[in-house]
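Chemist: Here the protein sequences come in this chain order: A and B.
According to the working numbering, the stretch in the first sequence is residues 1 to 788, in order.
According to the working numbering, the stretch in the second sequence is residues 1 to 163, in order.
Hints were generated in silico from the structure; no laboratory data involved.
It is possible that some hints are incorrect.
In silico DSS-like pairs for lysine-lysine, Cα to Cα no more than 30 Å straight-line [said to hold, decoys possible]:
#, chain 1, residue 1, chain 2, residue 2
1, A, Lys657, B, Lys146
2, B, Lys146, A, Lys20
3, B, Lys153, A, Lys20
4, A, Lys591, A, Lys572
5, B, Lys153, A, Lys18
6, A, Lys29, B, Lys153
7, A, Lys335, A, Lys174
8, A, Lys29, B, Lys57
9, B, Lys153, A, Lys657
10, A, Lys279, B, Lys3
11, B, Lys153, A, Lys61
12, B, Lys159, A, Lys29
13, A, Lys433, B, Lys146
14, A, Lys63, B, Lys3
15, A, Lys434, B, Lys146
This one's a predicted model, so the numbers in the text were calculated from it and none came from an experiment.
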Amino acid sequence: MFSCKTSPEVGGMGHSVKRKEDARFLHGKGNYTDDVKLPGMLSMVMVRSPYAYAKIKSINKDKALAIDGVLAVITGEDLAQYGLHWMPTLLSDQQMVLPTDTIMHQSQEVCAVIATDRYIAVDGAEAVEVDYEPMDAIVNPYKALDEDAPLLRPDKEGQKDNQIYHWERGDREKTDAVIANADVVVKERIHLPRIHVASIETCGCVASYDKDTQKMLIYLTTQAPHAVRTILALVAGHVGLSEEKIRIISPDIGGGFGGKVPVYPGYVVAIAASFLIGKPVKWIEDRSENLTNGFARDYHMDCELAATKDGKIQAFKVSTLADHGYTDSSANPSKYPTGMFSICTGSYDYEHAFAELDAVYTNKAPGGVAYRCSFRVTEAVHAIERMVDKLAAEIGKDPAQLRFENFIKKDQFPYASPLGWSYDSGDYEATLKKAMDMLGYDDYKKEQAEKRAQGKLMGIGICTFTEVVGAGPSKDFDILGIAMFDSAEIRVHPTGKAMARFGTKSQGQGHETTYAQILAEELGIPYTDIEIEEGDTDTAPYGLGTYASRSTPTAGAAAAVAARKLKEKGKKIAAHLLEVSEEDIEWEVGKYFVKGAPEKSKTIQDVAFAAYTNIPPGMEPGFEATHYYDPPNLTFPNGAYICVVEVDEETGAIDVKRFVAIDDCGNIINPMIVEGQVHGGLTQGIAPAMYEGIEYDDEGNVLNGTFMDYLVPTAVESPHWETGHTITPSPHHPLGAKGVAESPTVGAPPAIANAIIDALYPLGIKHLDIPITPAKVWEAIQAQKAKA
Amino acid sequence: MAKHTVTMTINGESVTAEVDSRLLLVHFIRENLDMTGTHIGCDTSSCGACTILIDGKSVKSCTYLTVRADGANITTIEGIAADGTNHPLQQAFHDQHGLHCGFCTPGMIMRSIDMLENNPNPTEEEIRWGISGNLCRCTGYNNIVKSIQQAAKEMQQEKEPTV
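Make the full structure from the sequences, and use the hints.
Modeler: Here you go:
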C-alpha cells in the first residue's frame, strides 16, 4: 500500500486534504460562463430546425428585425461571405456553422438572432420565418448503407455513399479460423445507446471583440482552451483573428465529461457576431438545445467470443456499425478514428482478436464525444464484459472463476495485447478477490440459489475492466495534428509560497487541490501555500486540456518533473548557503541538509528566498521551472465491480441491492477526491445501464429532449456506492499514478447489465441492450412466457 | 410589455424594481441584482440548480415569475451566512467532499435548508427523497447525503439548549 511521505500539514500525496477550490462554490461566488457580464453585452439565441432533413427554401428576417432591440439575424448565407459557414470537426470532417441550403438533423441551428437581451432575442427567433421542404430522414444506421439510400453528404468530395470510413485492427483470417474450430462460440449484437453527457451547466460563451485593439476575448465552456484557440486561429485567420490576438478564458466549468471538448456552431456564430458588431455577445444553450445537439456512444457491435469447452478464451471478434449523425465530430486522435476501441480484448490473456468498424452518416445530431471515457473505451469494455459473462452462462461456469482462469497474470506485465497495446501494470486477481471479499460473494451465491429455488429473480454481475487513459504519447496521439502532451509551470515566490499554471482545465475534478499536493510532495511546500491556475490562454502554458483521464498522467507528471528541475537548482543554492559542495547536499521532503550533518540544513523556503536575494555567482536568478511532459505510454487503470440486483417478475422493476467497486489507479494523490470521482462515475454508469438513452422516431424527431423525459438519475435512483482500492503503481509515470475518473463510467454499465441478465437467466432471457428499463424487462418476460 | 413595480426582501435587504410581466425570478436575481450564485440548468423545474427560499420554502426560481414574488422574503445562497463564515451545510459540503464542479451546490444547499427545517433528523432514505428534485451529475450523491447528515447533526446540537 501507499504510505505518505509528507505530514498532513504539508499535504503531499496520499492525504485526503479538503479541497482548496470549495469556498467560492459554496458561497455562490463561482464564475461560470453565464455569470460573465460585460458592458454593452448582447444576447444571441438560435433558431433551430423542427425537421430532421429538409431543404431551406427561404429565411425571412423582416419580422424579427422589426422588433425593438433585435440588432441582427445571422444566416449561413451571411457567414458564407466570409467563408465561415462550414468549420472542420476535430476529426477532419466538416460541420455546418449555419446552413445555406440543407438541414441535416432536428434541432440543427438555422440562424442566429442577436438582441439587447435574451427575452428579446427569443422574441426575434420566434419571428424569423423559415420555409422548409422536408425530406425523408435516414434514422436507422443500417438503412444508411442501403444502395438506394439518399447521399447525405454531397458536399464532401468523392463521397459516394453514407459510409464515413472502414477501420480494422488485428488478424481477421486467424481469428475467424480459431472461431470456426472452437468448442464454444458465443455471439451477440450489442447496442450501446446514444446518450448525452448532460452536465448541469450547458455549453455557451461570451465573445468580446475590441475593434480598436483587434483583440478577441472569449469566455468559453471548454475543456481544452489552448487547442480551441489554435483551431480558431487556423479557421478564422483569413478574416484577421490571429492567435496572439485571441484570448480564451475557460472559467469555472459546471461539469464537462467530454461534452465541452468539441467546438459547437453557437460558439463560432457568437464569435463572428462580436467580430462584426464590435460588442460582447453571449450565447448560452438551454437544456433542450444541449440534449439534442451532441451525443456519445451509439455503437452497434456484433461480437463473437470463442473458447475451449472448459472456458479458456481463445479469440474475440467484434464488427461494429457506428452511427455518427450527419458529420463525424468525434474528438478522437487522428490516427485513432475509433478512439481506443481496440482495448476491447479486455483483461484476459489470449492470442487472437479482430475488431472492425464501419462509421455511417444519418440524420441525427453529430457528436461522438468521449463521454467520461478515453475515446470509446466504454463501448469496448461493454462488449468484452458482456461476452465473458455470456460465455460463463453458456458453459455453466461461475463468471468470477472464468475470469480468474483467463486473467492476464501479474507477472505478465508489461503485457502486449492482441490488438497492439502495452498494458503497463495490474494485479487483476487481487483486485477481483478484494471486490468479492468486500461483497461477500460466496454468501450472495448461496442466497441466489435459495431465492431461485423459491422462484425469485436475483442476479450477481461482475465487470473486470482495463482502461487505457492519459494520451499522448505525442508521436501517436493528437487533436487535429496538435500533439497530446501537457504542461506545468511553477513559480516559487521569494517568501517560499508558489503559483503553478497548467495546460489542463478542471471541470470539478479538484485540480486546484491535487496539483498543489503533487508539488507539496515533490518540494515540501505546504499545499495551502500553492495557488493553481488553469484555463487562461494568455497566462497558462500550452496544453491539450482535460478529458480522457489525461490530467494526472500528463500535466500531473509535468508538475512532478518541473518540481524536480527546481529541486536540482535548489541543491546548488543550498550548497552555496551551507558552504559545502553540491555532492555533499542531500534532500528530504522540504529541506536540504549536509550529508552526515543533518543539523546543517536549509528549508525549501530558505532556498527560494536566496534564489532572489543571495544568488550563487554565475547562476540565473529566480526560482521557476516549466516542463512539457510527453508520456512514454498510456496508463492502464483497472478494476473489479460487482453488482447485486433483484428483479420483480410482475412489474420488471429492478432493485440494485449492492454495488462494490474496487479500483486500481496506481498511487493515489488524494483518496477523498478519488473516491468522489468514483462515486460520480458510478452514477454516470447506472444512468445508461438503466435510465438514459436519446431516442428518435422514424422521422428523426428526438423523443426525449428535456430533463422531464431524459432521465438523469437522482439521489433516489443512485445506489449507496461501496468503494475500495488495490494499488499497482504505473511503472512509467513519475508518481506511479494513473487516471481514474472514467473507470467507473466504463465499468459500471456491464456490471449492472450482467447482474440483471443473471437475474433473468432462469426465465431464458440471455441478453438485453442497455438501458435496461422495467418496461424492457417486463416485455422480455412476457415474450418468454408467450413462447412457453 | 406591461411593467410592474415589485418590492421584496432579498437576503435581508429591501429591493424595489420595475419589471416585465414575463421576467422569471431567476433572471431577476441573476441579471438585475447581479447575484449569480443561483444557477440555471434546465428551464423545466427538473434540475433544481435555481433553488432559492421564498418565505422559507425551497422554490425553483426558473419557473417562477418575478411579479409573483412581490412582497416575498427571499433567501439565496449569498444570504445564508455572514461573509467569511459558513452555514453548517456549507461547512459540511466542504468537509464531506459534497461538491465537485459546484454548479448544483447552491440549489442543493438551499433545498437542504428547507428539508432540515421540516425534518431535522432525516434518515438516509428521507434525505435521498428530499433532494430528489435536485440533480447532481458529478458526485454520485453519496457525499451529498453524508454532508446533509453532518449538517443535520450540527444544527441539532446548535438548537439544543445549553445547560
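Chemist: Which hint numbers does the structure go against, in order from smallest to largest?
Modeler: 11
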